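S.K.: Following the hints, complete the assembly by docking chain F onto the known chain P.
Chains as they are written, first to last, in my numbering: chain P, 1 to 137; chain F, 138 to 225.
Warning: the hint list may mix true and false statements.
Stated by the list, open to error - A few chain P residues that face chain F, going by a derived Cβ cut-off under 8 angstroms, partial list only: (1) A28; (2) G33; (3) I73; (4) H77; (5) G92.
To be verified - Heads up, simulated BS3-like pairs for lysine-lysine below, C-alpha to C-alpha not over 27 angstroms straight-line: (6) F/K167 <-> P/K37; (7) P/K94 <-> F/K167; (8) P/K4 <-> F/K224; (9) F/K224 <-> P/K37; (10) F/K174 <-> F/K204; (11) F/K167 <-> P/K80; (12) P/K80 <-> F/K174; (13) P/K50 <-> P/K66; (14) P/K66 <-> P/K80; (15) F/K204 <-> F/K149; (16) F/K204 <-> F/K139; (17) F/K167 <-> F/K204; (18) F/K139 <-> F/K210; (19) P/K118 <-> P/K60; (20) F/K149 <-> F/K167; (21) P/K66 <-> F/K167; (22) P/K94 <-> P/K80; (23) P/K4 <-> F/K174; (24) F/K224 <-> P/K94; (25) P/K4 <-> F/K204; (26) P/K94 <-> P/K50; (27) F/K174 <-> F/K224; (28) P/K50 <-> P/K118; (29) P/K4 <-> F/K167; (30) P/K37 <-> F/K139; (31) P/K94 <-> P/K66; (32) P/K80 <-> P/K60; (33) F/K174 <-> F/K210; (34) F/K174 <-> P/K94.
Bear in mind the hints are in silico, worked out from the structure with no lab data behind them. As the structure is a prediction and not an experimental result, all values here were calculated from the model. The beta carbon of each residue, even a glycine, is placed where N, CA and C say it ideally should be.
This is what each chain is made of:
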Amino acid sequence: MSAKPGLGIIIHSGSYDRIYHGLSLALAALALGREVKIFFSYWALEYLRKKAQADISLDKEAAMHKEIIERNIERGHLLKFNELTSQVKNMGAKFYVCTSSMGLLNIARDELVQEVDKSMGITTFLTETADFQLLFI
Amino acid sequence: MKETEINGQNLKVASTVDAVGLFCPLPVVKLKLELEKISLNDVIELLADDPGVLDDLPAWCGETGNKLLSLVKNKEGIFIAHVRKTKD
Chain P
1 MSAKPGLGII IHSGSYDRIY HGLSLALAAL ALGREVKIFF SYWALEYLRK KAQADISLDK
61 EAAMHKEIIE RNIERGHLLK FNELTSQVKN MGAKFYVCTS SMGLLNIARD ELVQEVDKSM
121 GITTFLTETA DFQLLFI
Chain F
138 MKETEINGQN LKVASTVDAV GLFCPLPVVK LKLELEKISL NDVIELLADD PGVLDDLPAW
198 CGETGNKLLS LVKNKEGIFI AHVRKTKD
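This is chain P alone, in the form it adopts within the complex (with noise of 0.2 angstroms):
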C-alpha cells in the first residue's frame, strides 16, 4: 500500500456550519490513519478565541444552519463543537493560525485557545502540505 496523503484544510470562512463540517472532514480523515494539518484564517480565527463562540453574530442563513446543527447536538447525533475540536486535536490533528489574519484582526497569540500549535504564514503552510490534498473551506 502506498502512503495515503495528509490532508490540509484552510478554514477561512467564520461560518458556524462550515468550520463544523471542516472539522468533522478532518475527524474522518484522522480515523482513516491520514495526517491532518489545519490552518485557521481569517473570519475562521474569531472560533478560535478564548469564550469566542457565544459572542459570534450570525446572519440569518448561519443562525439557521448553527440552530439545526446544535438541535442535533442535543438530540446526541453530533458531537458538541467544543468536543470535536478537542476530538481532532487528540487524534494528532495541527491547528495553524494565519499570522497575516492575526495581525488585520488585531488578535494576540494569547487570545487564542491551548488547542493552536503555531500560527504561520501561508507560504510556511503550503511547505507543510506540499503532499497533502488540500482544501479552503
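M.R.: Below, chain F without anything else, positioned relative to chain P:
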C-alpha cells in the same frame, strides 16, 4: 467474551461499539478509537443506524487494511458489522 456466528463460524467478539444515533463520521471514528485498544486479530462489533456506514465501513476497512467480516441490517433497522483488526 461474547460470541457471534458469521458464515457458519463462531467468532469471539472482543468489544462492541454502540454508535446508534450517531451521524457520519462518528461511527467510523468510534470504531477506530476502539480498535486501538484491542489486540491484533481480535474482532470488534459495530452497531450503527446511520446508513452512511454501508459505504463508509468497507471504504474505511479498505484504506486502513482491516477486514470487514460482515455487515447486516437487523429487524430494528440497526446495522451490525464485524471487523477483524488485521493492521496495527
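S.K.: Which constraints among the numbered hints does this structure fail? Numbers only, ascending.
M.R.: 3, 5, 19, 30
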